[in-house]
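There are 2 protein chains.
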Amino acid sequence: MLKVPDHQVAGHQAGNGHPGPLIDDSGRFYKPLQDDDRGAIEAAFYTSFSSNTRVPDHIRRFFPVFYGTKLLEASDGSGQWPHLVLEDAVSGLSHPSVMDVKIGSRTWYPEASEDYIQRCFMKDRKSSSLDLGFRISGLQLYESEESGLWKPDRKLVQHLSADEVRVVLKKFVSSNSPIDPNLNPDCSFASSVYGGSSGILAQLLELKSWFEDQTIYHLNSCSVLMVYDKKKELKGESSDAKVKLIDFAHVTEGNGIIDHNFVGGLCSLIKFISDILTSPDECTTKACLQNSDNNNEEILTGSNECTTKLSL
Amino acid sequence: MLKVPDHQVAGHQAGNGHPGPLIDDSGRFYKPLQDDDRGAIEAAFYTSFSSNTRVPDHIRRFFPVFYGTKLLEASDGSGQWPHLVLEDAVSGLSHPSVMDVKIGSRTWYPEASEDYIQRCFMKDRKSSSLDLGFRISGLQLYESEESGLWKPDRKLVQHLSADEVRVVLKKFVSSNSPIDPNLNPDCSFASSVYGGSSGILAQLLELKSWFEDQTIYHLNSCSVLMVYDKKKELKGESSDAKVKLIDFAHVTEGNGIIDHNFVGGLCSLIKFISDILTSPDECTTKACLQNSDNNNEEILTGSNECTTKLSL
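Respectively, the protein sequence lines represent chains A and B. For the first sequence, counting from 1, position 209 maps to 209 in the UniProt record's numbering; every step adds exactly one. For the second sequence, counting from 1, position 110 maps to 110 in the UniProt record's numbering; every step adds exactly one.
Be careful, since some hints might not be right.
One copy or any two copies: either way a pair holds, since identical chains are not told apart in the list.
[As the list claims (entries may be wrong)] Calculated lysine-lysine pairs in the DSSO-like style (CA-CA distance at most 30 Å, straight line): (1) 151 x 242; (2) 126 x 244; (3) 70 x 232; (4) 232 x 126; (5) 208 x 126; (6) 235 x 70; (7) 123 x 235; (8) 126 x 3; (9) 244 x 231; (10) 3 x 123; (11) 70 x 208; (12) 244 x 208; (13) 155 x 235; (14) 271 x 70; (15) 3 x 271; (16) 235 x 126; (17) 232 x 123; (18) 70 x 231; (19) 70 x 123; (20) 242 x 208; (21) 123 x 208; (22) 155 x 271; (23) 126 x 70.
Simulated from the structure, these hints should not be mistaken for laboratory data.
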């Protein structure tokens, strides 16, 4: 039985004549091929990557397993449509907290059309990408059995300032409510989710080492997905924190040059996360996150203690 | 006695009503303050940097020592002009080989004027910067007592492809003539200049570690200068290979974010240099460098052995 995934936080969803992704019970994610170059590029990337013997095994685990392509009834009932059959990154997690971070201060690339370059150029400048070297593309945090998931507006999370991103990265690993304006994120799970020898930071550093050396692919406009099972953390169990790279519709060949745009952005994300691990208690930020899509205002206060108030 | 430096390979030189830099016999370099924001920004950077206690000592040595500013008779005789008084990076080297590498795929920054952004944007795309994450801005190689220095046209070296940059980085550490079209660079000095615990690669890696962590400065449009005394190498003596960062007319505040544009570009340069150390004999390139400013043509041949011919 195929169904629409509950935990997709970014990327193309059904609508406007485009089918959305599907999942099944066996841990597979069916991504409809985009009907222009992007679909062909992404399929070609997965095919190349899955058979490329130059990719070491310890790196391969950061990419979704590729099971080929398959014609399926589209999620919007519009008929048969080719889908990439991939590993579902959140399969098996009962209450996943998920963050999608698009890496790179630049999402365009020289080979793209001038029109595409100009659109990305403006979007990178307006969003967090140019300043931070990455932007949060989507986010969901498990809150509690009663409140369910907190899923702020994707358009808003793409435009956060450095201080606001710091708050969100702390909320991602905190046990207390992300939406209560009077609570600072407690960073209870920082050491177990971000830290440790198999935590998210260690995984990002492993990826970084590879990207400093590999000159095969340039992963333009690709995302790092960070995932863990928050309910397990709340119960004191291991939460399987993991990193997956997703979205390869704009991959180009490396031609002997490292993906310096990806490396720079990844280093910036790593620095944000390291800082949280080094000083989780540092209160530079007051966490005022209200679960209101209508309140788009970012409230920045100038108090001595906690300087950032954030409304999403 | 002040005089015009022999070994400046990039940066502003005298002409068009602008005075050029001067040096003295005691190892000081006098850089005329540019008469717009750039002069003020560079002076402010040197003042801030030289007194910033957060900069560790082992990093400070990569920046020219700053001795303050001084009013001096301009090099073009146009009257008194304020100059930055700096350490001369090539002082004490009798026959320096020098390469100026502007770091970053992007030389502009959000705070700049729209006009400046557009000009840089086009230049970054046309030059090597966008592809490689850096561009060679200037170059001089000591050849021999008879032939003197080889100094290819600055406009040409900015536009080299990855393969051509690889040739130039090999020529930089080779004992044989850079201009003989029938000689492949022998990379004789690769291990002593690039390699070793105090070589250029080790220095670049030390800088990289700092840039992955420091969030004080963003060194937009700054250069890494690589310098060594080739005549000493030819005699088998230590050549004092060193790295200096120069050109801070576009520095901005880091505001808690690493300089991800610099980090990415620096990682790319490091990868090029590491590859030469790992496989110095790898002949992917045929080195056809002719010392002719009139021959701007890049000759790319498709032979099986050596694929790049390069005319500068």
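| request: Evaluate residue 70 and residue 231 at a C-alpha cut-off of 30 Å and name the case that applies: within, between, both or neither. | output: Classified as neither; 34 Å inside a copy, 65 Å across copies.
| message | For residue 235 and residue 70, with the copy left unspecified, which applies at a CA distance of at most 30 Å: within, between, both, or neither? | response | neither (39 Å within a copy, 67 Å between copies)
| query | Is it within a copy, between copies, both, or neither that the alpha carbon of residue 232 lies no farther than 30 Å from that of residue 123? | reply | neither (37 Å within a copy, 52 Å between copies)
| field | 30 Å Cα threshold - placement of residue 208 relative to residue 244 | value | both (13 Å within a copy, 26 Å between copies)
| task | Up to 30 Å between alpha-carbons, please classify residue 232 paired with residue 126: within, between, both or neither. | result | neither (37 Å within a copy, 52 Å between copies)
| message | At most 30 Å between alpha carbons: which applies to residue 70 and residue 123, within, between, both or neither? | response | Close neither inside one copy (33 Å) nor across copies (44 Å); limit 30 Å.
| Is it within a copy, between copies, both, or neither that the alpha carbon of residue 126 lies no farther than 30 Å from that of residue 70? | neither (37 Å within a copy, 41 Å between copies)
| field | Within, between, both or neither: residue 151, residue 242 at alpha-carbon 30 Å | value | For residue 151 and residue 242, the Cα distance is within 30 Å only inside one copy (19 Å; across copies 51 Å).
| message | For residue 208 and residue 126, with the copy left unspecified, which applies at a CA distance of at most 30 Å: within, between, both, or neither? | response | Both ways: residue 208 and residue 126 sit 26 Å apart in one copy and 28 Å across, limit 30 Å.
| request: Please work out whether the CA atoms of residue 126 and residue 244 approach to 30 Å or closer within one copy, between two copies, in both situations, or in neither? | output: The answer is within: 26 Å in one copy meets 30 Å, while 34 Å across copies does not.
| field | Copy assignment of residue 70 with residue 232, given that the CA separation must stay at most 30 Å | value | Neither, since 34 Å and 65 Å both go past 30 Å.
| task | Up to 30 Å between alpha-carbons, please classify residue 3 paired with residue 123: within, between, both or neither. | result | neither (32 Å within a copy, 49 Å between copies)
Checked against the numbered hints listed earlier, the structure breaks hints 3, 4, 6, 7, 8, 10, 11, 13, 14, 15, 16, 17, 18, 19, 23; every other hint is satisfied.
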